[in-house]
Amino acid sequence: MTVNTTGSAVDGRHFDVIIVGSGWAGSLLARHLGRQNWRVLVLEAGNGGTDTWEGFQDTVRTFSAAVVKASNAAYRTSAAAPFPDVLDLRSTGPSSYTTSGHFEQTGPFPYAGDYLRALGGTGMHWFGAVPRMFPEDFATRTNFGYGADWPVTAMDLERHVREAELLIGTAGDGAEQHRLGVVADPEYQYPMEEIPPSYLDARFHRLLDGRSVTDKIAESAYTLQVYGLPQARNSTPNPAWDDGSGNPYRPRGAVGMPNFGERCVGNASCTPICPVQAKSHPLRLQQDFTDSVRLATRCVVSRVLPGRGGTVRGVEFREYGDPATPSSRPYTVEADIVVLAAHSIENAVLLLASGMANSSGNVGRHLMDHPTLLAWAEMPANDPVGAFRGPGHTSGLECFRTGQGRRKRAPFRIEISNWGWGWSTGAPLSSVARMLGLGGDANGEVRHGGYFGPKLRRDLGQQVNRQIQLQIAMEQHAERNNRVTIDPARYRDGMGNPRPIIHYDLDHRVKDGLYAAREVSKAIFKLLNATDHTNLGVQDDGSHPLGYFTHTPGGDLPPQDLGYRGPGHAAGTHIMGTRKSTSVVDADQRTHDHPNLYAVGCGSMPSIGTSNPTLTMAALALRSAERIHRDLAELHQPVTVATSHLAGKRAAE
Amino acid sequence: MTTMYELAQQDYRQPKDVPELRRYLQAALEVEHLTIPVYLTGMYSIKPGTNAYAYGVIRSVLLEEMLHMTLAANLLTAVGGKADVSKFVRKYPARLPFADKRVPEVRLRHYSPEALVTFLDIERPQSFVPPNGQKPTGWTSIGQFYDAIRRGVTDLEQAAREQEPPSTIFTGVAGDQIGPRDFYNSGGEVFAVTGLKTALLAIEVISDQGEGAHDTIWDSDDKIFGEERQVAHYFRFNEIHKGRRYGRHDLPRTSPSGPLLDITWADAYPIDPMAKIEDYRDSPELKTQAVLFNKTYAKLIAVLEKTFHGRSDLMHHVVPLMVELRDASQRLYRNPHPNAAKAALGLHASPTFELTDLFLAEGRTYADELVARTEEPSQLRGGGVLPSWTRPH
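Chain order of the listed sequences is A and B.
First residue of the first sequence: 1, per the numbering used here; consecutive thereafter.
First residue of the second sequence: 1, per the numbering used here; consecutive thereafter.
Hints were generated in silico from the structure; no laboratory data involved.
Among the hints, erroneous ones may be present.
What the hints assert, rightly or not - Which chain B residues face chain A? A few, computed with CB under 10 Å, are given here:
{"hint": "1", "residue": "Ala52"}
{"hint": "2", "residue": "Tyr53"}
{"hint": "3", "residue": "Gly56"}
{"hint": "4", "residue": "Arg181"}
{"hint": "5", "residue": "Tyr184"}
{"hint": "6", "residue": "Gly188"}
{"hint": "7", "residue": "Glu189"}
{"hint": "8", "residue": "Ala266"}
Note that CB positions come from ideal geometry on N, CA and C, so glycine has one too.
Working from the sequences, and respecting the hints, build out all of it.
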């Protein structure tokens with residue numbers, strides 16, 4: 001059970017470990033260290049309450065009532081612990097944008113992702129995709145001549161990845177992932193059987209498997225093969241799973257309500273919220289916290305406090321009562337070890353605001369995301385695919401993620417959307433609006449020809465049923481100038497904490513990748529006999545989409561309209577490495593500059609390949625938990641000075 | 001006639017041979033089913049969005065009754081029997097078998113204090129029933145009935161093992177059992193009954209969840225399924241009835257003394273507990289909906305029977321039927337009763353949960369069609385060969 005405390009109750013006290021943030025990384029660490037009997041304090045900046053049934057239902061209702069079903073739509077805004085929203089950004093022209101809200105943005109392109117400050121963190125609104133990284137993703141510099149290498153390999157992380165897959169609760173097909181090349185062991189079993197792929201996936205299998213597509217940018221032909229996606233979603237327990245105990249895997253139920261927590265039944269709202277809690281979230285792990293773990297919500301850490309000789313002493317934080325106002329009280333709390341697990345961007349802000357861990361000058365640098373190109377099309381009238389059934393995507397095309405093509409362009413993973421034109425056009429609501437004739441034309445005039453009643457229903461059934469969409473996520477490699485900075489003199493939130501200033505850009509590798517992805521999408525739509533409806537350029541109402549640009553990789557390739565969306569896989573703001581001069585943390589996510597300060601999360605990742613980063617991040621957190629346990633155990637050993645002194649005395653006698 | 005009423009007319013005793021044990025287990029299945037329409041009516045008649053706590057509690061008990069029914073079916077299958085849904089209660093009000101004679105007939109009541117009294121009658125622990133001077137048969141509670149089954153199973157298995165050569169009463173096909181693959185996180189999980197140990201565990205789950213373990217207000221899900229500690233059915237219902245949670249020091253015989261609950265009895269659709277399809281004969285639309293509800297209900301029962309007969313993979317077809325049932329119930333509850341006098345009393349139309357031979361036969365035809373059917377609805381079939389994972393099991 002989670003033991004809650006308050007900021008005022010822990011003021012001035014000392015713990016073994018303070019963990020800043022209660023998302024996946026923080027919850028995994030607290031769970032692990034609590035079980036080893038360390039006294040752990042978890043400080044969460046955001047609001048709590050979702051660990052009760054009523055509180056969780058409140059977020060479901062907030063989502064249901066939201067006009068725009070964006071990824072933070074299930075959560076109310078907070079003046080005390082503000083967080084970014086994808087709706088903060090607005091396009092103002094073919095190559096310009098404005099932003100409001102938590103971020104300042106100074107780059108030529110917007111960083112288009114968000115995150116959530118709430119109990120469970122962004123792990124509450126994530127989609128739940130947990131694909132593994134390819135072994136080659138860990139050394140792009142060595143293998144392909146770009147980006148930064150990891151100080152560890154896939155094999156080094158294997159044990160922790162398996163543990164993460166178990167603790168997060170993963171459904172997948174081990175044999176298929178082995179064939180894909182991300183799972184080394186051919187006998188590997190996920191705890192749950194794969195989420196049944198959609199009918200749409202079956203059509204893609206049928207029409208695409210074994211077919212060939214040429215990528216002119218990579219100068220290479222690729223053979224298509226549809227693969228299932230491992231997901232953190234309850235499905236059927238895998239009878240072949242075996243942890244040696246003889247007990248079957250028991251899927252975790254809902255938090256705050258016994259007798260609830262179903263398997264995925266296709267509510268089709270995974271992002272931001274699964275109403276039946278089939279999608280895993282960090283509150284499940286918090287249910288396992290031992291009594292030695294204390295958790296306080298509404299406590300915003302403002303600074304890490306310096307200790308003696310390069311160590312840190314604890315943290316300073318402010319506790320608020322009402323999220324609608326930043327009114328709050330300051331407290332401090334101390335610990336032997338401080339762990340920042342507050343999201344890569346917030347971790348960077350905290351380190352910068354504390355003036356810590358930055359001897360390399362790399363704190364906040366190397367910000368990465370998976371810029372995602374959307375391409376959408378319509379299947380023929382005699383081949384409806386049943387869009388909007390099941391999780392957002394259950395299968396993908398993986399062949400463009402690996403190999404020598406990476407030397408020419410960014411690699412990419414093609415997600416096969418189960419939710420029609422949802423991400424690109426706001427379908428199915430936008431489909432209804434279009435048929436009704438809502439919205440104006442480019443001149444602001446009322447549109448004509450709208451209709452309703454049986455014809456509307458029939459047309460919706462016929463058209464929405466045929467919508468397909470490819471969500472093509474690029475690897476973005478670490479670049480120094482994509483960065484998070486702060487400017488406390490100018491940009492602060494209501495509580496007085498500095499807001500993140502983001503400078504974000506796409507380099508030519510990524511742009512070439514987006515170009516290649518668009519070309520590949522055209523070829524795939526042709527193989528599917530689908531009619532391409534992708535429009536990344538000027539829209540019906542005369543506006544340009546966010547992230548719009550035109551680009552040619554050179555040669556005789558014509559320029560074309562391109563664009564991207566930000567899935568918010570922020571990474572790389574405190575990258576790990578072996579050298580103090582070029583990296584912020586070591587392979588255990590301990591800061592090079594401070595022996596008892598850890599910065600954990602996607603911020604530590606030197607590259608993110610084309611895999612949604614949560615699984616790898618979780619594995620890293622488990623690895624750090626082992627190291628922190630060793631550090632703490634060492635701290636509690638008898639002081640050796642006395643022993644040698646006595647030994648010396650005995651020798652003298 | 002249903003098996004449970006036949007048994008309840010006999011004198012209290014434990015089953016004396018395996019055929020009789022099968023009759024007891026068929027009766028157990030019928031007993032568990034009997035409660036489900038009663039609780040469904042209590043839950044569905046709550047106005048949407050209100051009484052969230054009570055809704056959740058009734059739902060949790062319903063899930064456990066479904067679990068009990070499935071475990072009873074597993075027990076029956078394990079000893080070589082075959083579940084028969086045609087013996088289920090076909091109309092309400094219905095008598096509660098094995099209960100003390102003073103317990104009134106069980107009616108389908110909307111969410112109200114009276115409904116909760118009915119729920120409490122159903123779940124009343126054995127030890128709460130005061131001695132009755134005039135006990136013609138000796139049955140006092142469902143808990144006592146399960147106790148008879150438990151002793152019967154134990155003694156019969158013991159006797160079978162002592163035979164020469166030793167044998168067992170668990171002669172059912174193991175593969176016909178429903179397991180956690182098809183039913184979990186719903187008041188615990190279903191497990192296969194394959195021998196004495198699992199059989200006794202199944203009986204323990206059924207009686208502890210209902211009546212509380214060993215004279216406490218707590219059930220034993222935390223012990224058996226690793227779930228959150230939870231008070232047993234009777235006490236959960238008593239919390240709603242009294243409008244208060246149990247406090248940490250409350251005992252089985254004390255009234256709940258914990259925090260107040262958000263119980264608003266007015267947020268419900270009042271109904272006529274004696275309603276029958278025939279009452280709607282002058283309102284064709286309502287009659288159509290009432291018939292549709294009962295046909296859907298019969299389909300659900302028939303598909304469940306198939307799952308009990310070794311086709312546990314069909315369980316996922318039961319889920320959409322339950323959703324249909326919920327929607328069909330709302331179409332009735334949201335209309336005033338067609339009889340002007342009853343409407344004037346504020347009564348609404350309601351599902352009647354009547355089963356007929358005809359409805360059951362139609363339901364069984366539907367279940368047979370499911371067995372023959374491919375996985376995807378026809379409007380989605382694109383022609384062409386589907387990959388192996390889309391094949392029916």
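Each hint tested on the structure:
no.: 1; hint: Ala52; in the structure: holds (6 Å)
no.: 2; hint: Tyr53; in the structure: holds (8 Å)
no.: 3; hint: Gly56; in the structure: holds (6 Å)
no.: 4; hint: Arg181; in the structure: holds (5 Å)
no.: 5; hint: Tyr184; in the structure: holds (6 Å)
no.: 6; hint: Gly188; in the structure: holds (8 Å)
no.: 7; hint: Glu189; in the structure: holds (7 Å)
no.: 8; hint: Ala266; in the structure: violated (20 Å)
Comparing the model with each earlier hint shows a violation of hint 8 alone; every other hint is respected.
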